[in-house]
Every structure is written in C-alpha cells, then in structure tokens.
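Participant: Assemble the complex: chain A is given as a structure, and chains B and C must be docked to it using the hints.
Protein chains in written order, with the numbering used here: chain A, 7 to 320; chain B, -18 to 207; chain C, 7 to 495.
No lab work stands behind these hints, which were simulated from the structure alone. We treat Cβ as the ideally placed atom computed from N, Cα and C, and that holds for glycine. Do not rely on the hints blindly, as some may be mistaken.
Partial selection, computed: residues in chain B whose CB lies under 10 angstroms from chain C [to be verified]: (1) Ala9; (2) Arg11; (3) Ser41; (4) Gln137; (5) Ala155; (6) Val167; (7) Ile177; (8) Ile180.
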Amino acid sequence: MTINSLIIEALQIILVIGLAPAFAGWVRTLKCWFQGRSTPGIFQPYRDLRKLFSKEVVLAHNASWIFRFTPYLLFGTAVLVGGIIPIISVDLPLAATADVIVVVFIFAIARFFLALAGMDIGTAFGGMGSSREMMIASLAEPAMLMAIFTVSLVNKSTSLAEIVQVIYNTPPELNPSLAFAFVAFILILLAETGRVPVDNPATHLELTMIHEGMILEYSGRHLALIEWTSMMKLYLFTSLAIAAFAPWGIATKGSLDALPLAFGIMIAKLGVAGLIIVLIETGLAKMRLFRVPEFLGTAFLLATLGMLSFFMLD
Amino acid sequence: MEFTIDTASHVINFLAALLLLTSFAMLAQRKIYGLIHLFVWQGIFLAANTAFVGFMADKSHLFISAILTVGLKVFLLPYIFYKLIHLLDIRKEVENVVNISTLMFIGIGLVIFSYYLTSPVRELSTLMTRPTLAIALASVLIGLLMIITRKNAVTQVIGFLAMENGLFFAATSATYGMPLVVELGVALDILIAALIFGIFFFHINTTFDSLSVDQMARLKEDEPDE
Amino acid sequence: MNLMNNSDILFLFMAAPFISAAILILVGDRKPAPEINIAGSAATFAAGVALAIEYCAKGPMMNFGHLFFVDALNIYLAVLTSFVAMTTAVFSRKYMRQEREHGRVGHAAMRYYHVMYQMFIFSMILALMSNNIGILWIATELATLATVLLVSLYRTPTAIEAAWKYFILCGVGIAIALFGTVLVYFAAEKVLGEGGEAMLWTNLNMVSGKLEPTILSLAFVFLMVGYGTKVGLVPLHNWLPDAHSEGPTPISALLSGLLLNIALYSLVRCKALVDGSTHTDFAGSMMMAFGIMSILVAGFSILRQKDIKRMFAYSSIEHMGIATFGFGLGGPLGTFAALLHLLVHSLTKSAVFYTAGHAALMHGTQEMDKIRGLFKGNPLVGWSLMLGVMALAGMPPFGIFTTEFLILTATIQQAPLWAPFLLIGLAVAFAGLIRVVQPMVSGEVPDYQKPVAAAHLPVLVHLAIVLIIGLYIPDFLNQWFNTAVEMLK
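Next up, chain A with everything else stripped away, as it sits in the complex:
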C-alpha cells in the first residue's frame, strides 16, 4: 500500500461522488434530445441536490430508526463500492477487501434496507414499491450472479482488478460466453438501476412506481442522499460493465501519470454508455409488471447460456 495507491483511491472516490450527478444529467439530457424537448443542462442534478439539502426533513411520527438510518447506509454502500470497482485505475487498496461477488451483495444490502424503509411508515405505496422491488431483485440477482460467474470463469478470477489484468494480457477474441454475459448484464443493469423497460425513473404515477414508490415519503437531506445514491448506482453499474467487458484505458498499477489519460478515456466511455442506455430506453416501452419476470428470465437464460458455452465450447 503505497502513498500513490492511497491517493488514487481517494481520487476515485471523490470522482464517483462528484461525477455521478453529471452522468445522470448526461443521460437525462440525451433523453430530452431524443424526445425533442429542451434540456435544463447536464448540471441540473447538482442544483437539485443543493435544493434538497437546504430543505427541511419531514418525518412521520411512526418512522423508526431504519427510516432515518437508510439514506446514510445507502450512501455509504455506494461510496464503498465506488472504492472497489476499477474506474480509472486498478491500483485500489480497498479492492483487496472485496471481489465482484461481494460487490453484488453490498448492493443487495442497500436494496434490502431501502425496501425496509419503504415499508417502515406503513403507507400503501411504500409497501407496494418494496414488494415489487424485492420481486425484481429475486430474479435479477441470480441472473447477475450467473453473468458474473461467466465473466469470472473466462477470466479465471473473481477479483475485478485481476479480471482487468487478464483481459489486458490476452489478445482480443470473439468469445461467445462473454457476448452472452454482456447482453445479460445490460438487461440486468436496466432492471437494477430502475430504468425503462423495467421501471420508469421519471414517473410520478404511484401505480407504476417501483423505486419512486419506496422513497415517496423521504424529504430534505434524506431524499438528497437517496437521489445521489441512485445516481451513483447507475454510474457504478455502468463502470462495472466497462471494467468486466471493455476495460482498456484503465490505468494499471502504480503509475500516477497514466491517470489523466484514464480519466479522459473514462469520460468518453461513459458518454457512449449513456448513449446506449438512452437508445434502449427510448426504443422500448415500459413493460407491464408481470412481464418483468420474463425479461429477467431471459437475462438469466442468456447468462446461463454464456456459462454453458464456456464449458461446452472449451
């Protein structure tokens, strides 16, 4: 653990926290352009967060400690994962504590508490949102793990840092297992981050809300933290996909001067990723809830096919 790596670690965490709203803003802007609306700009999420932080927190009388604790927990988990996934560099001391499977479960803890918080107050919409979220989770999690397993099998490690190294060291090739896992991962990304076609992030119709339903009762700084977390979640999932499937550009051990280049490449990749997400979102309509299991079943199937292909096709 050198000073360099500590600096890189700190830089990356600040990057994640600081850049996530911009990425969310980029996605919203693209969506506006595609839908022919005028956009409030990429930096609007920052303004929204500032507004929320300055507002007063309104709590229900029967809110328990879970309700108050959850926003901080969520933010914390997002920051933690931000320190583990290689975004600009592989040289992260925190990465030694957790491999990619732990990352999945950190997200699971966050989701668990959010669901509890949604039910905490006892409103109908909160409960509905929570139960829907858990249903999606029960299907998305196996699919995600299957996709992760496939990637790990192909790259012979579950540690993201090592996966990136392995991908650097082998010549690029058409690997059907990875192709299947990649498509599966995109589907799961849409489900986990609550985007169309699984959940509409901009909806305010209570009967169609999933994520929005759980956070309906939050206000003030709590809401700010939760919004920030969901922006970071989108950022982190995208970075996870980039790290697992297309990591070229991420700086390898030690070198601080490769960072600016890595940063630039990262911005470019995120731009493209945002574009792909928006293309999918604009092209598809939100599915009815009972079709979501099929959607996730397809993701699971693709991931399983990827794993089977790995074994069957040597």
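Facilitator: Same frame as chain A, but now just chains B and C:
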C-alpha cells in the same frame, strides 16, 4: 485471408452460440412473424458456418451445401410461410401448452443433456468443429420441444424445420458434412416436405376452419363415434 | 472390396415404378389408369423375379458404382414388396372404382393416388436396394412423404388428423434416425476415410469390428428410436392405428404390409453393424424389449377396438413386435423365423385388409358392430375374412403359426424368461381377433348391406401362399434365409 486454427475455432464456436441463441429465441417467441424471422437468421448462421468450415477444411462440397441452405431456408421456405400465413389468415400469436419460462428451463436442461450425451463423440473427434456437436444435438432437441409444446400447426412445422437445421449442423460438426449426394437428397426431402406441409395446411384449414392442433384429437379408442 | 457383378436388371427393377409414375401423371384419371397401375406393378414384379433368378445364378451384385446392391436380405424383401404391390394394384382397381362411384374421391385425387402409389413403391425399392445408408434414409423419408397425402385422401376430419399425426411423428422419428446415421458415418470415417465409401453397407459390414463401440451404441439408440417409430414399435406407435385405418384400403395394405418391413429392414441392418462392433447384445436386448412391449400393448389394445381397420393396424404393431423380438433374439432359429414372419405377415395382413375393405364397402362403415352376416351376404368375402383372421391370429396350418412357433421355441431355448410375456401377448391377440370375427361373418344379413364388386383373386392368392408356406418352405427361400441369417450373425 489467413486464419489460424485458433481463430477459426473461435469463429465457429461463435456462430454455434448464435445458432443456439436463435433456438432459444424461437422457444420464447410470441409472434409467428418473429418465428419466421428467427428461422431466417438460423439459416443464415447455418450457411455461414457451413461455408466457413468448408473454407477452413478445404471441402468444396460444403460451399454447395451452404448455397443450398441459403436458397432453401433463407429465401424459399420463409417465402412459402409468408404466403401461407397470408392466404390462410392464420392467427398471428403463438400458443403454447406450457408457459415460456418453463420452456426456457427445459431448454437449458436439454442443452446440458446433449452435452453429456455427445461426450463419447467429443473424445474421439479430431475436427475443429468438435465442441459444436453438443449444440447441434441441443438444437435438435429444442426443435422437438417446440413441436411438442405448440398448439398451432404452422408453428409445429417451424419447430420441425428447426430440428432439421440442427441435424444439418450436426452433420457439419461431426463429420464436415456428409457426402454431397446424401446432402442433396436430404435437401430434396426437406423441400418436398415443405411443399406437402403447404398443401396440408390448406386441407386442414378447409376442413377445420383453423389450424389449431387441438381440433385434431378425435381419433381415440373410447369415442364410440369414429 | 470383393468384386461384385454388375446388374442391369437391378436398374430396370428400380426404374420400372418410377417410369410408371411418370406415365400415370400423364394419364391422369382416365379409364386405363388402374390398368396401367397394374401393368407397371407387374413389370416391376417381373423385373424383381428376373433379378432374383440372376441373384441365384451370380450371387451378390451391385450397380451404379456401388450405390445399389443385391444380397440375400434385400432380394427377398424386394421380391415380396413388388409382389404385394402388384396384387394390391389388382385389388385397388376394383376397390377404388367403387370409392370413386360413391364420390369419396375426385379426379385430381385419383390421379394423385395412382402417381403416388408408384412413387411409394419406387421409394421402398430404393430403400431396399440402397447400399448407402444416407440414401436409405432419404428413401425412407420419401416413402413417408409419398404416403402422407394418400392417408388424408378422403379429406374427412379424422383422415386429416391421422395424416397430420403420421407426418409429424414419423418426421420427427426419421429426423432422429438421421442423427444416428450421422454418428455411424462419423465412426465409419475414422476407419474408411471420408466420402461416399464410408456410407456403404458392404464396406461397413466388412470393418464393423474396427468401428468404435461407444459411438455405435449411441448411434443405435438414435436409430432404434428413429426407425423404430416407422416400424410402429411401442411407445412410438401412436400414429399407426390412425394412419393405417384412415387411408384408402389399398394404401393401408401397403403401409401395413410393406412399409413396416422396410423400416424393420433398416433397423436389422443397423443391428448387424452394431453387433459386429460392440460384440455385446446391447442392440439385440433393445430390440427384444421394444418388441415385447409392442406385442403386449398391441395385443391388449386389440381387445378394445371397434373399427375393423384400426384393429388390424394394432395387429400389425403386434406382428412387427414379434418380428423385432425375433431379430433381437438373434441366433439362427430366431432370425430365420423373423425373416419368414415378415413374408407371411405381409401376405396375410394385406389379404386381411383387402377383405376388410370389401366388408366396409358392403356395409358403408368400418365399425365392426355394424358388419354382419358376411357368410350369407357374400360367402367369398365372409370366408376370406374368417380364414384371413385365423391365419393372422396364428392358427395352424397357416404360415404365421409356423413362425410364431419357431420364435417361441427360440425364446425358450435362448431367453426363457421372456417366453411367458410372449405367450401372453400372442394369446391375447389371438383371442381378441377370433372373438370379433365370429359375429361379423355369421348371422343374418342386415338391410344396409350392399353388394360389392370384390376383387377376390388377390386375397385367395395371398392366403394360398401363406397356407403353402405353413406346410412347406421352398428351397430357394430356405437358401436365401440361411444366407441372410449368416450375414446377420
């Protein structure tokens, strides 16, 4: 273009994986037009694979097979199906006996089963297409699954044709294709079968006024009337 | 590669039905069509006999550069096939004319019927004489395709249903058999090199010891399921009762009497190959198991039947089960008996179908409850039915009794534990058949019974042959069978 054996295997494996994907996609399809499009894609992947293997293994008769496949399965058969669906005014949805998620799981089970079943062949084969025999058998079995679980005659036939695709692929994977005269005969058989299917659909539609297979369940022992 | 003599007669034998089909396309539904059909079939039979004589003189032969061949097993079935095709054509002439008059078939359908009749014969002969296992497969599929629309010729709902089931189930079965064929080619390629040579029976039989046993066992499973579906073995038999009862009676006779033989022939050749490779009785045991199941299930199903042709279709399943069992048993006695069984069953079954067709025409229905008083109404039909069913059930001195007895003996000698099951199946079928024929032939003539112009000759000829075989087996037949038994060891 020079290909090493390694890259060649990758390409072949990739095409095989795409073929398997189309088989599963056919299982999950809800619309008949979707099924036909997927069948076209299957034909394209199959022809590409055959041509590529022919190129790598230096077997010119595989090129002829590939051209036949394209002509038959990418153009002629889908065209016949389009015409039939239009003429017979067939319902555009696919009805299943079992729901789609269960079908997917059974499909995965069949893939694993095929892998296990073809292991003796895999041990002995020295061809570069060695690993793809399991996928070929899986495609055959998934085609069989489609025939069993579909309620509409047209969709059953597409399942049957998907089975034939799998068999053709199996021939290419196990042995670089059978002798040309045999492959020609098989293609002829498929063509005649398709024509007979077409005629059949007309008969079924005229007699039953629908192509639902449920209607055709009258021949049983315990029915006193016929 | 031993040199085999070339045979031009072989070419004539295969070309005759094809040319007849071509002629019949042009003739269509005009008056001479049934006569041309008979003439074409007679020509095929004549060529077949000439081929047989040539075989007795010269031994095994080939043509088309090793693609087609003649040996003891297929010459016997070839002569049988062409003979039954000829007599059925004779029967079909009068029968279909009456169906035409009743309005059950139209012009286009009749033209199609005649053309496909010859094409069906052509494909069966192609399958028999083929030396290449791929062409065998193609010809078998062709035979299925030729008959599908014949089964649905009457265009009733049940006929279409039967044809559809036949098509799908046999199509699936054949596809599975193709996979087995690919596996056999895969194993053969290793020893014989690539290309057409590795698909020839003659080559395969020579090197069967060197073929990889695991691959061949796996291949045999697929081939058993695939060709077994076409033989109508339980549990893959669902299509058979429907298909054989719904089509026109001549077609039912051909399907039951001939096509099942062809499928079993393919299976037997595969079994010989697999035995040569694995040196275990894996293949034989599988065939015995399927055979016994078919005998038992079919036997008990016969008891429940109400439609006469359906009942005889189940009887076909049973007899095919007996033959499969015999082939599976192996050994000189079992194989000899099974070979003979194919002969007598074809003749008896077709004769019985002819009579059933006559009876159905007379009463306007195929239901056995409604068929009565045949002795009084048309004594020749009545007696043919009685004798035919007795022969079918295995009553001495008809041929089927001989073969069933031989197989039973072989079973007790080689595999005594199977004998009780065999006996039960045979007994149940016997009872089932005899039980229903009695009320049909005796009693008063019902008022809806119509006279029918019956073609008696084919029936009588067949039954006579079966009777003679039951008493005495001609020398050349003996010789052929023994050579075949040697080959199939």
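Participant: Now tell me if each hint is right for this structure.
Facilitator: Now the hints, each set against the structure:
no. : hint   : result
1   : Ala9   : violated, 21 angstroms
2   : Arg11  : violated, 22 angstroms
3   : Ser41  : violated, 13 angstroms
4   : Gln137 : holds, 6 angstroms
5   : Ala155 : holds, 4 angstroms
6   : Val167 : holds, 6 angstroms
7   : Ile177 : holds, 6 angstroms
8   : Ile180 : holds, 7 angstroms
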